[in-house]
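Peer 1: As they're listed, the protein sequences go chains A and B.
Going letter by letter, the first sequence gives residues 14 to 221 in the numbering used here.
Going letter by letter, the second sequence gives residues 21 to 421 in the numbering used here.
One thing to keep in mind: the hints can contain errors.
Stated by the list, open to error - Calculated pairs, DMTMM-like style, for lysine to aspartate or glutamate (alpha carbon to alpha carbon, straight line, at most 25 angstroms):
| no. | chain 1 | residue 1 | chain 2 | residue 2 |
| --- | --- | --- | --- | --- |
| 1 | A | Lys76 | B | Asp389 |
| 2 | B | Lys256 | A | Glu73 |
| 3 | B | Lys168 | A | Glu43 |
| 4 | A | Lys76 | B | Glu313 |
| 5 | B | Lys134 | A | Glu43 |
| 6 | A | Lys190 | B | Glu272 |
| 7 | B | Lys392 | A | Glu80 |
| 8 | A | Lys79 | B | Asp104 |
| 9 | B | Lys81 | B | Asp92 |
| 10 | B | Lys81 | A | Glu43 |
| 11 | A | Lys74 | B | Asp288 |
| 12 | B | Lys170 | A | Asp108 |
| 13 | A | Lys74 | B | Asp285 |
| 14 | B | Lys314 | A | Glu73 |
| 15 | A | Lys76 | B | Asp360 |
| 16 | A | Lys79 | B | Asp360 |
| 17 | A | Lys79 | B | Asp389 |
| 18 | A | Lys74 | B | Asp360 |
| 19 | A | Lys190 | B | Asp288 |
| 20 | B | Lys81 | A | Asp183 |
| 21 | A | Lys74 | B | Glu313 |
| 22 | A | Lys79 | B | Glu313 |
| 23 | B | Lys275 | A | Asp50 |
| 24 | B | Lys256 | A | Asp108 |
| 25 | B | Lys132 | A | Glu80 |
Claimed, not checked - Calculated from the model, a selection of chain B residues having no Cβ within reach of chain A, i.e. all distances over 12 angstroms:
| no. | residue |
| --- | --- |
| 26 | Val37 |
| 27 | Leu89 |
| 28 | Leu106 |
| 29 | Phe115 |
| 30 | Gly213 |
| 31 | Asp233 |
Read the hints as simulated data drawn from the structure, not as lab findings.
The structure presented is a predicted model; accordingly, all values stated were derived computationally and were not measured.
Ideal placement from N, C-alpha and C gives every residue a C-beta, glycine not left out.
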Amino acid sequence: MRRQIPLAITFIGGVVMIIQYFIPHQISQEIYRGVLDWQMIVGGFVLVLGIGSLVTHHTEKVKRQKEGWGYSLVALLGLVMMAIAGLFFGGMASDKPFMQIFIYAQNPIQATMFSLLAFFIASAAYRAFRARSFIATLLLLAAIIVMIGRVPIGAKIWSPIRVISNWLLDYPNMVAKRAIGLGVGLGMLSTALKIILGIERSYLGGGK
Amino acid sequence: MDTRFWTKEKCKWRRKVLPLTAFIILLALWGTIRAQSPVDTLPPSPPTEVTAFDTPNDAGKNITINWKLSTDDGAGRNIVKGYDILRSESQEGKFEVVGSVVAGISTFQDDKVKNRRNYFYKVRAKDHTSSDSPTVGPVQASGQWYHKGKTVVLIFVVIFTALVIYFVESAKKGKKLYVRPIPGMDAVDEAVGRATEMGRPILYILGLSTISDVATIASLTILGRVAKKVAEFQSKLLVPCYNPIVMTVAQEVVKNAYLDAGRPDSYDESNIWFLSSSQFAYAAGVNGIMLREKTATNFYLGMFYAESLILAETGNIAGSIQIAGTDAVTQLPFFITSCDYTLIGEEFYAASAYLSREPKLLGSIKAQDWGKAGLIALIILGGFFASFHFDTFINLFTVGH
């Protein structure tokens, strides 16, 4: 029973949602909206579990003074500070502490993290574009053409480069992207069917 | 007192004022002449061939009205400014304007109607005056029980489901199925073994999507297989989660995997925890874990966005073995560059079956291959027919909305 009930729920839920996709009737749309609403409700409750998990994990690290416990302490203090700011100091109005911390502390920190991407792209590109084989050389040439073709100075240096760059993006690149996309579509359908039909049940445990 | 009209000082401002006064007088004169000229008082010709019908393939409460443009719209006297759509519940009743469109438009959807009720419509061409089309109706709105525009999708789903069931049944009967090697999945044993030898943990990232994303579900099925191997090798598995629902499911998956491996005592729920649902806070947190815990192996399987390279490059710098897999086409180049193995698109969805080596799961991969073969054949045929402008074939595959 421990496995049969979840499998039955998955099967019924999956089949209902597949059928729903082909029925435009209002009743079908209401079922769909209902499922989305329930998903949000469940999500709301599970957020409590998420916060519980976060607090337990970091409290444990601080208590046992594991490596990097200081960061855990900062995480916990941040959580408490934001909760107090939101609950007792004017809610989420833009001129109140909660949003002020969000705008002037969290946003710049996130932007800083995002900017690291530029450096990582440089180091990754250096590795990727080393012309150690014929294919790597092709990749390097294509990358140079596309990069130069996308910047205004490219056309000034050699005007056909923009056309070649667009051709590389619109044809060989697009073909590869669509081929991967088709494979992904079939893979998604296959995975969904395996789960709905109970063929894939590793998520329940007990698989070989 | 100087009474001359054109003194030097007077000239200065009169030169400015006189032309302006002349211009205003001329403008007023032109307006008067135009106002007295005969106005076109004839109404525009009315719209014709008006049809009103229940909007197909919808949830109901919607009627579509089409008409042929007035002959004075874009042609003839070209005076039509727009059209009003009028509705009544009886043929002789009072018609009310329910919507308007500009000139040149010949369709309107009335979404303020009730189902199973008679409605009559007229379309009015507007200028200074107006002229109405004949009344059409009665027409009723209703919701449909089948979306005819999605028939091609239904046919494809039925064929693909039949293929999956056929190959799964064939595999169950013992038919040998060849699946080409996937290096990334072949490396899982090596990666887990290396972590055990080094005494370092394994990091598993489920991506940054929700549980409703198939990529996340596929990643969870792979997590089950990987967790079982980790449990057998008695290594440590860390799963920081981006989404609390995914975290809850991941805890269950790993717990069951440890149970299957006969090591329920080794399972530690605190190793699967909620990190953050803020994209770059999550990336920062995972980077910190990689560098502090010195993870031997990193798995990135699921849906990823801009943080993919930040994670994979940090893992690369830390010297971990890295196995990635995603269906996010834009992130694949980053993983290919920074990871040792990358599962591209469909390989990612085949990974769970590949790891399990269960015949019935491998059967579904075979169905995927046949599905792909069918699509390739259709693409070749489509290319051929499109080259000869035989659009009927291409239109067969148009999905309606």
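Peer 1: Work down the list of hints and note, for each, if the structure agrees.
Peer 2: Cross-check of the supplied hints:
Restraint check for A/Lys76 and B/Asp389: not satisfied, since their Cα atoms lie roughly 53 angstroms apart, outside the 25 angstroms limit. Of the pairs offered as hints, the one joining B/Lys256 and A/Glu73 holds, with about 17 angstroms between alpha carbons and a cut-off of 25 angstroms not exceeded. Between B/Lys168 and A/Glu43, the direct Cα distance comes to roughly 20 angstroms. Compliance with the 25 angstroms bound is thereby established for this hinted pair. The straight-line distance between the Cα atoms of A/Lys76 and B/Glu313 is roughly 18 angstroms, inside the 25 angstroms bound, and the hint therefore holds.
Note on B/Lys134 and A/Glu43: the hinted pairing holds, with a Cα-Cα distance of about 17 angstroms set against a maximum of 25 angstroms. Straight-line distance between C-alpha atoms of A/Lys190 and B/Glu272 comes to about 35 angstroms, which puts the hinted pair past the 25 angstroms bound. For the hint linking B/Lys392 to A/Glu80, the alpha-carbon distance of about 50 angstroms lies beyond 25 angstroms, and the restraint is violated. A distance of roughly 73 angstroms separates the Cα atoms of A/Lys79 and B/Asp104; the hinted pair therefore is violated under the 25 angstroms criterion.
Distance check on the hinted pair: B/Lys81 and B/Asp92 sit about 32 angstroms apart at the alpha-carbon level, beyond 25 angstroms; violated. About 14 angstroms separates the Cα atoms of B/Lys81 and A/Glu43, which keeps this hinted pair within 25 angstroms; it holds. Straight-line distance between C-alpha atoms of A/Lys74 and B/Asp288 comes to about 14 angstroms, which keeps the hinted pair within the 25 angstroms bound. A threshold of 25 angstroms between alpha carbons decides the hint, and for B/Lys170 with A/Asp108 the separation of about 50 angstroms lies outside it, so the pair is violated.
With a C-alpha separation of about 21 angstroms, the suggested pair A/Lys74 and B/Asp285 falls inside the 25 angstroms cut-off, and the hint holds. Taking the CA atoms of B/Lys314 and A/Glu73, the gap is about 20 angstroms. The hint holds against a cut of 25 angstroms. Among the hinted pairs, A/Lys76 with B/Asp360 is inconsistent with the structure: their alpha-carbon atoms are about 37 angstroms apart, more than 25 angstroms. The straight-line distance between the Cα atoms of A/Lys79 and B/Asp360 is roughly 30 angstroms, outside the 25 angstroms bound, and the hint therefore fails.
In summary, the hint linking A/Lys79 to B/Asp389 is not supported, as the alpha carbons are separated by about 49 angstroms, beyond the 25 angstroms threshold. Straight-line distance between C-alpha atoms of A/Lys74 and B/Asp360 comes to about 32 angstroms, which puts the hinted pair past the 25 angstroms bound. Using a Cα cut-off of 25 angstroms, the hinted pair A/Lys190 and B/Asp288 is violated, with the two alpha carbons roughly 40 angstroms apart. Of the supplied pair hints, the one linking B/Lys81 and A/Asp183 is violated, its CA atoms being roughly 42 angstroms apart against a limit of 25 angstroms.
A distance of roughly 13 angstroms separates the Cα atoms of A/Lys74 and B/Glu313; the hinted pair therefore holds under the 25 angstroms criterion. Annotation: proposed proximity of A/Lys79 to B/Glu313 holds, straight-line Cα distance about 11 angstroms (limit 25 angstroms). For the proposed pair B/Lys275 and A/Asp50, the alpha carbon gap of about 29 angstroms is over 25 angstroms, so the pair is violated. Between B/Lys256 and A/Asp108, the direct Cα distance comes to roughly 46 angstroms. Violation of the 25 angstroms bound is thereby established for this hinted pair.
Our distance criterion of 25 angstroms between C-alpha atoms is broken by B/Lys132 and A/Glu80, whose separation comes to about 64 angstroms. Every CB of chain A lies more than 12 angstroms from the CB of B/Val37, the least distance being 52 angstroms, so the non-interface label holds. Under the 12 angstroms C-beta cut-off, the non-interface status given to B/Leu89 relative to chain A holds; the minimum distance is some 30 angstroms. The Cβ of B/Leu106 lies farther than 12 angstroms from every Cβ of chain A, with a closest approach of about 26 angstroms, so its non-interface assignment holds.
Separation of B/Phe115 from chain A is adequate, the least Cβ-Cβ distance of about 27 angstroms exceeding the 12 angstroms criterion. The claim that B/Gly213 is not at the interface with chain A holds, since no C-beta of that chain comes within 12 angstroms of its own (minimum 20 angstroms). The claim that B/Asp233 lies off the interface is violated: its Cβ sits roughly 9 angstroms from the closest Cβ of chain A, which falls inside the 12 angstroms cut-off.
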